[in-house]
Amino acid sequence: MSSVSATVQDVFNEPACPKNAAKSEKERKKGCTKQLQPGGAAGGCAFDGAKIALQPITDVAHLVHGPIACEGNSWDNRGAYSSGSTLYRTGFTTDLNETDVVFGGEKRLYKSIKEIIEKYNPPSVFVYQTCVPAMIGDDIDAVCKAASKKFGKPIVPVNSPGFVGPKNLGNKLAGEALLAHVIGTVEPEYTTPYDVNIIGEYNLAGEMWQVEPLLKEIGFRILSCISGDAKYTDVASSHRARATMMVCSKAMINITRKLEDLYGIPYFEGSFYGIGDMSDSLRQLAQLVIDRGAPAEFMDRVEAVIAREEKLAWDEIMSYLPRLKGKKVLLITGGVKSWSVVAALQEVGMEIVGTSVKKSTKEDKERIKELMGEDAHAFDDMSPREMYKMLKDARADIMLSGGRSQFIALKANMPWLDINQERHHAYSGYKGMVDLVKEIDKALYNPIWDQVRTIAPWQNAADSWQAKADAEAAREAAELAADPAKAEAKRRSKKICKCKTVDLGTIEDAISTGALTTVEQVVDITHAGSGCTGCRGAIGGILEGLAGGPVVELTLEERRAVKICNCKDVTRGMIEDAVHAKNLTTVAEVTEATNAGGGCTSCCDTIDDILSEIVAPIAVAAE
Amino acid sequence: MAIVEIGKKACAVNPLKMSQPIGGALAFMGIRDSMPLFHGSQGCTSFGLVLFVRHFKEAIPLQTTAMSEVATVLGGYENVEQAIVNISNKQKARLIGICSTGVTETKGDDVDAYISLVRQQHPELDDIALVYVSTPDFKDAFQDGWEKTVAKIIEKLVKEPEPDVARDQKKLVVLPGSQYTPGDLDELRDIIEGFGFEPLFLPDLAASLDGHIPDDFTPTSLGGISLEEIAALGDAAHCIALGSHMKLAAETLQKKAGVPFKLFERMIGLLPTDAFIAHLMEISGREVPLRIKRQRSQLVDAMLDGHFHTGGKKIAMGLEPDFFYDLSSFLVEMGCHITAAVSTNATPILEKVQCESVLIGDLEDLERLGAGCDLLITHAHGRQASERLHIPLFRMGLPIFDRLGAGHITAVGYRGARDLIFDIANMFIANAHVARPDTWYPHPAEGADSLASPTVAH
Chain A
0 MSSVSATVQD
10 VFNEPACPKN
20 AAKSEKERKK
30 GCTKQLQPGG
40 AAGGCAFDGA
50 KIALQPITDV
60 AHLVHGPIAC
70 EGNSWDNRGA
80 YSSGSTLYRT
90 GFTTDLNETD
100 VVFGGEKRLY
110 KSIKEIIEKY
120 NPPSVFVYQT
130 CVPAMIGDDI
140 DAVCKAASKK
150 FGKPIVPVNS
160 PGFVGPKNLG
170 NKLAGEALLA
180 HVIGTVEPEY
190 TTPYDVNIIG
200 EYNLAGEMWQ
210 VEPLLKEIGF
220 RILSCISGDA
230 KYTDVASSHR
240 ARATMMVCSK
250 AMINITRKLE
260 DLYGIPYFEG
270 SFYGIGDMSD
280 SLRQLAQLVI
290 DRGAPAEFMD
300 RVEAVIAREE
310 KLAWDEIMSY
320 LPRLKGKKVL
330 LITGGVKSWS
340 VVAALQEVGM
350 EIVGTSVKKS
360 TKEDKERIKE
370 LMGEDAHAFD
380 DMSPREMYKM
390 LKDARADIML
400 SGGRSQFIAL
410 KANMPWLDIN
420 QERHHAYSGY
430 KGMVDLVKEI
440 DKALYNPIWD
450 QVRTIAPWQN
460 AADSWQAKAD
470 AEAAREAAEL
480 AADPAKAEAK
490 RRSKKICKCK
500 TVDLGTIEDA
510 ISTGALTTVE
520 QVVDITHAGS
530 GCTGCRGAIG
540 GILEGLAGGP
550 VVELTLEERR
560 AVKICNCKDV
570 TRGMIEDAVH
580 AKNLTTVAEV
590 TEATNAGGGC
600 TSCCDTIDDI
610 LSEIVAPIAV
620 AAE
Chain B
0 MAIVEIGKKA
10 CAVNPLKMSQ
20 PIGGALAFMG
30 IRDSMPLFHG
40 SQGCTSFGLV
50 LFVRHFKEAI
60 PLQTTAMSEV
70 ATVLGGYENV
80 EQAIVNISNK
90 QKARLIGICS
100 TGVTETKGDD
110 VDAYISLVRQ
120 QHPELDDIAL
130 VYVSTPDFKD
140 AFQDGWEKTV
150 AKIIEKLVKE
160 PEPDVARDQK
170 KLVVLPGSQY
180 TPGDLDELRD
190 IIEGFGFEPL
200 FLPDLAASLD
210 GHIPDDFTPT
220 SLGGISLEEI
230 AALGDAAHCI
240 ALGSHMKLAA
250 ETLQKKAGVP
260 FKLFERMIGL
270 LPTDAFIAHL
280 MEISGREVPL
290 RIKRQRSQLV
300 DAMLDGHFHT
310 GGKKIAMGLE
320 PDFFYDLSSF
330 LVEMGCHITA
340 AVSTNATPIL
350 EKVQCESVLI
360 GDLEDLERLG
370 AGCDLLITHA
380 HGRQASERLH
390 IPLFRMGLPI
400 FDRLGAGHIT
410 AVGYRGARDL
420 IFDIANMFIA
430 NAHVARPDTW
440 YPHPAEGADS
450 LASPTVAH
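Protein sequences, first through last, are from chains A and B.
The numbers in numbering that gives the first Met the number 0 rise by one with no breaks, and the one at position 433 of the first sequence is 432.
The numbers in numbering that gives the first Met the number 0 rise by one with no breaks, and the one at position 407 of the second sequence is 406.
To be clear, the hints were calculated from the coordinates, so they are not data collected in a lab.
Worth double-checking, as some hints may not be accurate.
[Said to hold, decoys possible] Now the stretches of chain A that chain B is said to cover, found in silico as 3 or more residues with beta-carbon under 8 Å: (1) 64-75; (2) 88-102; (3) 300-306.
[Claimed, not checked] To list a few chain B residues with every Cβ distance to chain A over 10 Å, as calculated: (4) 72; (5) 154; (6) 185; (7) 231; (8) 251; (9) 278; (10) 311; (11) 336.
[As the list claims (entries may be wrong)] Each pair of labels, with its calculated beta carbon distance range: (12) 118(B) x 14(A): 44 to 52 Å; (13) 118(B) x 441(A): 49 to 57 Å; (14) 370(B) x 262(A): 42 to 50 Å; (15) 331(B) x 141(A): 45 to 53 Å; (16) 403(B) x 77(A): 46 to 54 Å.
These numbers were taken from a predicted model, which means no experiment stands behind them.
Quick reminder that beta carbons are idealized off the backbone N, C-alpha and C, glycines included.
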C-alpha cells in the first residue's frame with residue numbers, strides 16, 4: 000500500500016493532463032497546486048474534495064475519522080440526489096476526543112465500522128482520513144483491511160487528510176481510492192455493447208435525471224455513474240463498460256485515464272450543459288460504442304432523439320430570446336461550469352462580460368477562450384470593489400455565481416442566480432437549459448430591482464456606499480495622477496504572472512539588467528510564465544515595449560496615433576478627444592461613443608487608464 | 000432533576016455537535032474590525048465559513064493559516080506570522096482573533112509564544128490587537144469555544160481601571176451566551192435602554208450579523224462592539240451575564256476590573272423575564288416603561304391561547320446545554336413533556352432540565368428516542384429525522400440553513416416568548432391529525448389502493 004505522499008506524487012504525474020505534460024520533471028514534482036497563502040486563502044481542503052467526489056455514492060456509509068469539525072460542521076450540505084438509499088446523507092464520524100489523540104484512534108475507528116455494519120449493513124464503508132489522525136499516526140489502511148476481513152465487506156480507506164492540499168487534489172485522491180479498492184472488484188451480471196460510464200457527474204439537484212432517461216431511450220446502459228446516484232456495485236463493476244464520458248472537466252481525470260490504460264475503455268470529455276454540448280456528447284458517446292462494435296445504425300437512434308429534443312427546447316427558449324438577447328452576464332464560478340455555462344448562455348444570445356476562473360484548470364480557461372474568442376475577461380479572485388466597478392460600468396445585467404459571493408451582488412442591488420452546489424434547480428440536458436433560461440429571465444425581470452435601487456426619501460445620495468465607492472476610486476485616481484512616482488510604483492506593481500506572483504517591475508528590471516530579448520529568457524530568470532503559461536503573451540508585449548529602449552519618447556502626435564482598440568480600429572487620440580468633448584467618465588461611455596472596447600474588450604483596461612489620466616486632473620482642478 | 004447519561008457509541012451518527020473553534024470565531028465576529036483566524040488547515044476554516052454563510056446568509060469574515068502538511072509537521076510559526084501580516088495589511092483588521100484547531104493542537108503549536116515572537120519581529124503591528132484562544136476540535140463543543148473566547152477577550156483587552164475610579168452608573172455590560180441571536184440582543188437592548196442604561200454587549204452580534212446593508216465594503220466584521228469600548232468596560236457599574244456558560248467571562252471581568260455581575264441562567268418565558276425586569280428596576284431605580292407592561296400582558300394572553308395546543312405534547316429536543324435548559328424549561332411551563340433529550344456535552348446545567356434523563360449524543364440518538372413524539376426541536380440537520388419519523392421539525396439553534404431569518408428568531412423578553420408560543424402552537428395546529436372515513440375503522444381488505452395511502456395527513 001502506498002503512502003499518501005506517494006499517491007499525491009502519482010496524481011501530480013497524471014500524463015493525460017496537458018498542463019502536466021508541458022512541465023519539466025522538476026516542476027512536475029512540485030505539484031500542480033499553488034502554494035496556499037496564510038491569511039489569504041479560501042476554499043476547501045483535500046478531505047473536503049475527496050468527500051464531495053465520493054459522497055454521492057448512495058448506499059455506502061461514509062465514515063469520517065477525525066475530530067468533530069470535519070464532519071460535524073459540514074455534513075449533509077450537498078445537493079446530490081438519490082433514487083434509492085439515503086444512507087449517504089447520514090453523517091458518520093468517529094468524533095475523536097482528547098484521549099483518542101493521546102492513545103490513538105484506531106480502536107474507535109474499528110468499533111465505529113462495526114457499529115455501522117451492525118446497524119445499517121451497507122455494502123461498503125468508506126473511511127475518510129483527516130489531519131489529526133494522520134498526524135498521530137492512525138493507520139486507517141490497516142484498520143480497513145482488518146475490518147474487511149472480519150466483516151466480509153469491502154471497507155475502503157480514503158487517504159486524503161486536509162493538509163495535503165486543496166479540494167481539487169482531494170477529488171483526485173478520492174479517484175485513487177476507488178481505483179485501488181473498488182473498481183474492478185465486482186463483475187456485472189451481464190454486459191451489452193451499449194454499456195457506458197459517466198464520470199464526474201454528481202447528480203446535483205437531480206441533474207442526472209434530466210439526461211439519464213434520454214440515454215436509456217436511445218439504448219445506452221449506464222453501467223456506472225461516478226458518483227451521482229451511484230450504487231457501490233455499479234462503481235465496482237465499471238471496468239466492464241465499453242466507453243466513458245468524463246463530465247466534470249479534470250476533477251476525476253485519473254480514473255478515466257486509468258480505466259483506459261487498465262481496461263482499454265476509451266473516453267471523451269463532454270458536457271451536459273447547453274443544448275449544443277448535450278447533443279455533441281450524445282453523438283460522441285454513441286460513436287465510441289460504435290467504434291467498439293455496436294451497430295452503426297445506433298447513431299440513427301441518437302439523431303432521432305436529438306432532433307426531437309432540440310426542437311422542443313428551442314421552441315421554448317425562443318420565447319425568451321427577445322427578452323434575454325444582448326443581456327450581459329457576470330459569471331463568478333469555478334471548474335466545469337465556467338465553460339459549460341458560457342456555452343449555454345451564448346445559445347440564448349446573452350453576452351458574458353466576465354468570468355472568474357478561480358477553480359478552473361488551464362484547460363477550462365482554454366475552453367472559455369475557444370468559446371468566447373479572445374474576449375474572455377477572466378477574473379481571478381475578483382475583489383468586491385472590482386465587482387462593483389464592473390456592475391457600475393454597466394457591463395453586466397445579472398451575476399451568476401455560487402452561494403458564497405451572492406452577497407456582493409444582492410447588496411449592490413444586482414439580479415443574481417445561484418449556479419453552484421447549493422442551488423435547487425437542475426440545469427443539465429435540454430430541459431435543464433430551458434429551466435436555466437427561465438430562471439435567469441425571472442431574476443432579471445423581477446419588479447423589485449427598480450424599487451430597491453431608489454434611495455429612501457430622508458437619505459442623502461452622497462452617503463450611499465455606492466457613492467462612497469465611486470469617490471474612493473476617483474480619489475485614488477487623482478492621487479496617482481498628482482504623484483508620478485506613486486503612479487509609476489502602481490504601474491510597476493501590476494501582477495503579470497498570477498501563478499508565480501511576478502509583477503511588471505520585476506520583469507522590466509530583469510529585462511534591462513540582463514539585456515534579455517526572448518520570452519524564454521524572461522521565464523527562466525523571473526519564473527513568470529512558468530505556471531499556467533497564460534501570461535507569456537503579455538511578457539512578449541513587455542519585451543517589445545522595451546525593445547526600442549526605455550528612453551525613446553513618443554511625440555505627442557505619435558502618441559495620439561497609437562492604436563488602442565485593434566478590433567474597431569480606434570486610436571488614443573480619438574478616445575482622448577471623445578472623452579474631452581463629451582465629458583465621459585466610464586469605459587462603457589467611451590465604448591458607446593467611440594466603439595473602442597466594443598470588440599474583444601481586451602483594451603478596456605487601457606481605456607480605463609486613459610480615462611484616469613484625463614478625468615483625474617480635471618477632478619483635481621475642479622477642487 | 001435529570002440524569003445525564005453519556006452515550007456509549009464509538010461512532011457519532013448525524014452529529015448534533017459542532018466544533019469549538021467556530022464557537023470562538025462567532026464570538027470574534029461580534030467585535031468591530033475584527034478578523035477571526037483559524038490556525039489549521041484551510042478546510043477547518045472553509046467548513047466553518049460555509050456553515051455561517053448558510054445560517055446567517057451574510058458575508059462572513061474568517062481566515063486561515065492554511066497549514067500545509069510540511070508546516071503541520073515543522074510547526075506553524077511562519078504561517079501564523081504571515082497570516083497576521085497579511086490580514087493587517089490587506090483586510091485592515093484591528094483585532095485578529097486566533098483560534099487553534101485539532102491539527103495544530105495535536106502538533107502542539109505554542110501560539111502564545113508565536114505571538115510574542117511576531118510582536119518582536121513586527122513592531123509596525125503594535126496597533127493590532129491579537130487574541131489567542133486554545134480551542135482544539137477534539138474537546139468540548141461550540142458553546143465552550145464561545146465561552147473561552149469571551150473570557151479571553153476580557154482578560155486581554157479590558158483595561159484595569161484606576162483603583163478609585165468613579166463607576167459609570169449608566170454603563171451596563173451584557174455578556175450574552177452563544178445561544179442568543181442578533182434578534183435576541185436587539186430585544187434586550189431595547190428593554191435595557193428603557194431603564195435609562197447604555198448597554199454594551201460583548202460580543203455584539205446584533206451589530207454585525209443582523210443582516211444589514213453595510214455602508215461600505217468591509218472584509219472584516221461588519222460591526223459590533225469596538226476595541227475602545229471593550230478597553231473601557233472596566234468602569235461600568237453593572238454587568239449581566241446570560242447563560243451559565245458566561246459565568247467564566249463575568250468572573251474574569253469582576254476579577255480584573257471589579258465590575259459586579261448578575262448571572263441569568265434562563266431568559267425565555269414569563270418568570271425569567273419577570274426576574275430580569277425586576278433586576279433592572281432594582282439597579283436603575285426606575286419605573287418600568289409602559290410598553291413593557293403591555294408586552295407582559297400580551298404574553299400572558301398568548302400563554303392562555305396557546306396552552307390548548309401545547310398542553311400534553313411530547314417534545315424531542317436536541318440543543319447545546321444552556322439553550323436546552325432554557326428552552327425546555329419554557330416548554331415544560333407551557334404544558335409540554337420533554338420525552339427525548341439529547342445534548343452535546345455534559346455540563347452541570349443539564350441536571351436541572353425537567354425530564355427523566357438527558358443523553359450526551361447525536362441526532363441518531365434523538366431520532367431513536369424521538370419516535371412517537373409530537374415535535375422535534377433541534378437545528379436544521381434534524382430535517383432527515385423529521386422526514387423519516389413523519390414528525391414536524393421546529394428549527395432552533397445553529398445551523399439553520401434551509402430557512403430564512405435564522406438571525407432574527409427572537410425568544411427573549413415578553414415579546415420573544417409571545418411569538419415563540421405562536422410559532423410552536425401554529426406548528427401543532429398545522430400538523431394536527433385530520434380524521435378520514437377510515438381513521439377509526441380501517442378496512443384494508445377492500446382494496447389495495449387504501450394500503451398505499453397513509454392515514455395521516457401532513
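Status of each hint after checking the structure:
no.: 1; hint: 64-75; result: holds (count 11)
no.: 2; hint: 88-102; result: holds (count 12)
no.: 3; hint: 300-306; result: violated (count 0)
no.: 4; hint: 72; result: violated (8 Å)
no.: 5; hint: 154; result: holds (23 Å)
no.: 6; hint: 185; result: holds (20 Å)
no.: 7; hint: 231; result: holds (28 Å)
no.: 8; hint: 251; result: holds (24 Å)
no.: 9; hint: 278; result: holds (36 Å)
no.: 10; hint: 311; result: holds (32 Å)
no.: 11; hint: 336; result: holds (28 Å)
no.: 12; hint: 118(B) x 14(A): 44 to 52 Å; result: holds (49 Å)
no.: 13; hint: 118(B) x 441(A): 49 to 57 Å; result: holds (54 Å)
no.: 14; hint: 370(B) x 262(A): 42 to 50 Å; result: holds (47 Å)
no.: 15; hint: 331(B) x 141(A): 45 to 53 Å; result: holds (50 Å)
no.: 16; hint: 403(B) x 77(A): 46 to 54 Å; result: violated (20 Å)
Of the numbered hints given earlier, the model fails hints 3, 4 and 16; all others are met.
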